[in-house]
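Asks: Residues per chain, in single letters:
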Amino acid sequence: MKAGMKKGSVIILISVFIVLLISSFNEKSARKAATLGELLFSDPILSKDRSISCASCHIPGFAFADTAAFSTGVFGRKGKRNSPSAMNVLLRRNLFWDGRVNTLEEQALAPIENPDEMDLSLDSAISRLKQNKFYNDLFQEVYNIAPSVQNLAAAIAAFERTLETSDSPFDNWKFSGDSNAVSASVKRGFELFNTKGKCIQCHFGADLTANEFRNIGLFNGLDLNDSGRAVVTKDAADIGKFKTPALRNVALTAPYMHNGMFKTLEEVIEFYNDTKSVVGNPVNKDSILMNPLGLNAEEKKDLKAFLESLTDKRF
Amino acid sequence: MRIIAIYVIAMVVLAFNEKDKLTGRWQSPPSVTGSVTGVVFKPDNTFEGFVNKKPFVTGKYRVQDDLFSFTDNGCNGAEGIYKMVFFSNEDSLRFEPVSDSCTERRKGMSKLVMGRVN
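Residue numbers (the numbering used here), protein chains in the order written: chain B, 1 to 315; chain V, 1 to 118.
Since the hints were made in silico from the structure, they are not lab data.
Here a beta-carbon is modelled for each residue, glycine too, at the ideal position from N, C-alpha and C.
Fair warning: there could be bad hints in the mix.
Quick list of in silico lysine-lysine cross-link-like pairs, PhoX-like style, CA-CA up to 20 Å [what the hints assert, rightly or not]:
id : chain 1 : residue 1 : chain 2 : residue 2
1  : B       : K304      : B       : K263
2  : B       : K48       : B       : K78
3  : V       : K60       : B       : K198
4  : V       : K83       : B       : K187
5  : B       : K285      : B       : K198
6  : B       : K301      : B       : K187
7  : V       : K42       : B       : K187
8  : V       : K53       : B       : K313
9  : B       : K276      : B       : K300
10 : V       : K83       : V       : K42
11 : V       : K21       : V       : K42
12 : V       : K60       : V       : K21
13 : B       : K196      : V       : K60
14 : B       : K198      : B       : K300
15 : B       : K32       : B       : K187
Label-pair restraints from in silico Cβ distances [claimed, not checked]:
id : chain 1 : residue 1 : chain 2 : residue 2 : range
16 : V       : S31       : B       : F75       : 36 to 46 Å
17 : B       : S121      : V       : F87       : 31 to 41 Å
18 : V       : F86       : B       : N144      : 39 to 49 Å
19 : B       : S121      : V       : V98       : 27 to 37 Å
20 : V       : S35       : B       : V231      : 44 to 54 Å
21 : B       : E106      : V       : S69       : 34 to 44 Å
22 : V       : K107      : B       : D235      : 19 to 29 Å
23 : V       : S99       : B       : S287      : 21 to 31 Å
Construct the entire structure; sequences and hints are all you get.
Replies: See below:
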């Protein structure tokens, strides 16, 4: 009986050791892949004319978003939608404004091939990386094989997975329980966010998005004619819908919306307060936004203060 | 009369014990994607839920016997009622739905298993 128990304990100990070993190996591999991904993210080698990198439009100092409404790609070409933040994407189920891909690996490759962005075929990208001794050696070190489409995507995605932030004044207040981490205005703003502002109905979750698609009234089929999600689903009910963006670090990611039409958070709040006053003839607008919110000047300030409290301390 | 008084005291003590058992920080083991979900149940009957150290839900709760009733900032103010199931020396906790019209929340709560952190 005793011998049996001893044997059992040894088996459990060995199993725990193996699990820890595997998990430590996986963590180490992920870290190495992320380091490689970070280099690739900032290297113009992946653009046709070697002029831009992922970081050109996802600027680290601005929470990995762009400061322009539409990013500039190779040969001065302009993108058609605002570059969103590449941070806090771990929990996203869909990527891009229209949610056309479901994994970070798929997302990582798309801008390389997009003619308005980096305009480089994946074959050419891999060929360049193979010819580059530095990268060829690094891919061998991390993946034990030469650069390929799969491990290029995996490396960039691994880096993006490290771009999580959870140390903002809001986090310190709510997660760490430090009620002095934020001002009274932030606390009132959070209350408004959850109630009168109705923001929570779409921006619910750890990154303040419910991972859904909504038409907020920025489609009128005339001057505002990006069909958004409908192009992916081929469903007329999705016309004008876009992915609800996460709000972490939102104070750093201006301009806002899929078309970058609002330059400041004040403009965004004004828009939500009465969407009709900005776009009078929207098509298929979400019912949540049918009536004005009726926020007064103080409430708008509080809401802005709350949004600013979502900025991570690394910035 | 004495029996009623003893019963009332016993119920109050039981209710407080259930609440005391719950108060504190709980969190799940990492999921397959590495996400850790947790909840801080505060003595003032409020709670904060988080994923990967990121707050995602805030609300108010009541404990009566083994029933946990709450409202949060999601689900349009709908109340959820769950049975609390403590196990493993009461250091682990899961919830069984009793009534909750919020489908997504019900799905999440039913899967949630947490261990006491402090």
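Asks: Now, for every hint given, state plainly whether the structure supports it.
Replies: Quick rundown of the hints versus the structure:
{"no.": "1", "hint": "K304/B - K263/B", "result": "14 Å, holds"}
{"no.": "2", "hint": "K48/B - K78/B", "result": "15 Å, holds"}
{"no.": "3", "hint": "K60/V - K198/B", "result": "19 Å, holds"}
{"no.": "4", "hint": "K83/V - K187/B", "result": "32 Å, violated"}
{"no.": "5", "hint": "K285/B - K198/B", "result": "15 Å, holds"}
{"no.": "6", "hint": "K301/B - K187/B", "result": "12 Å, holds"}
{"no.": "7", "hint": "K42/V - K187/B", "result": "18 Å, holds"}
{"no.": "8", "hint": "K53/V - K313/B", "result": "14 Å, holds"}
{"no.": "9", "hint": "K276/B - K300/B", "result": "17 Å, holds"}
{"no.": "10", "hint": "K83/V - K42/V", "result": "18 Å, holds"}
{"no.": "11", "hint": "K21/V - K42/V", "result": "11 Å, holds"}
{"no.": "12", "hint": "K60/V - K21/V", "result": "17 Å, holds"}
{"no.": "13", "hint": "K196/B - K60/V", "result": "19 Å, holds"}
{"no.": "14", "hint": "K198/B - K300/B", "result": "13 Å, holds"}
{"no.": "15", "hint": "K32/B - K187/B", "result": "40 Å, violated"}
{"no.": "16", "hint": "S31/V - F75/B: 36 to 46 Å", "result": "44 Å, holds"}
{"no.": "17", "hint": "S121/B - F87/V: 31 to 41 Å", "result": "56 Å, violated"}
{"no.": "18", "hint": "F86/V - N144/B: 39 to 49 Å", "result": "47 Å, holds"}
{"no.": "19", "hint": "S121/B - V98/V: 27 to 37 Å", "result": "57 Å, violated"}
{"no.": "20", "hint": "S35/V - V231/B: 44 to 54 Å", "result": "31 Å, violated"}
{"no.": "21", "hint": "E106/B - S69/V: 34 to 44 Å", "result": "42 Å, holds"}
{"no.": "22", "hint": "K107/V - D235/B: 19 to 29 Å", "result": "24 Å, holds"}
{"no.": "23", "hint": "S99/V - S287/B: 21 to 31 Å", "result": "27 Å, holds"}
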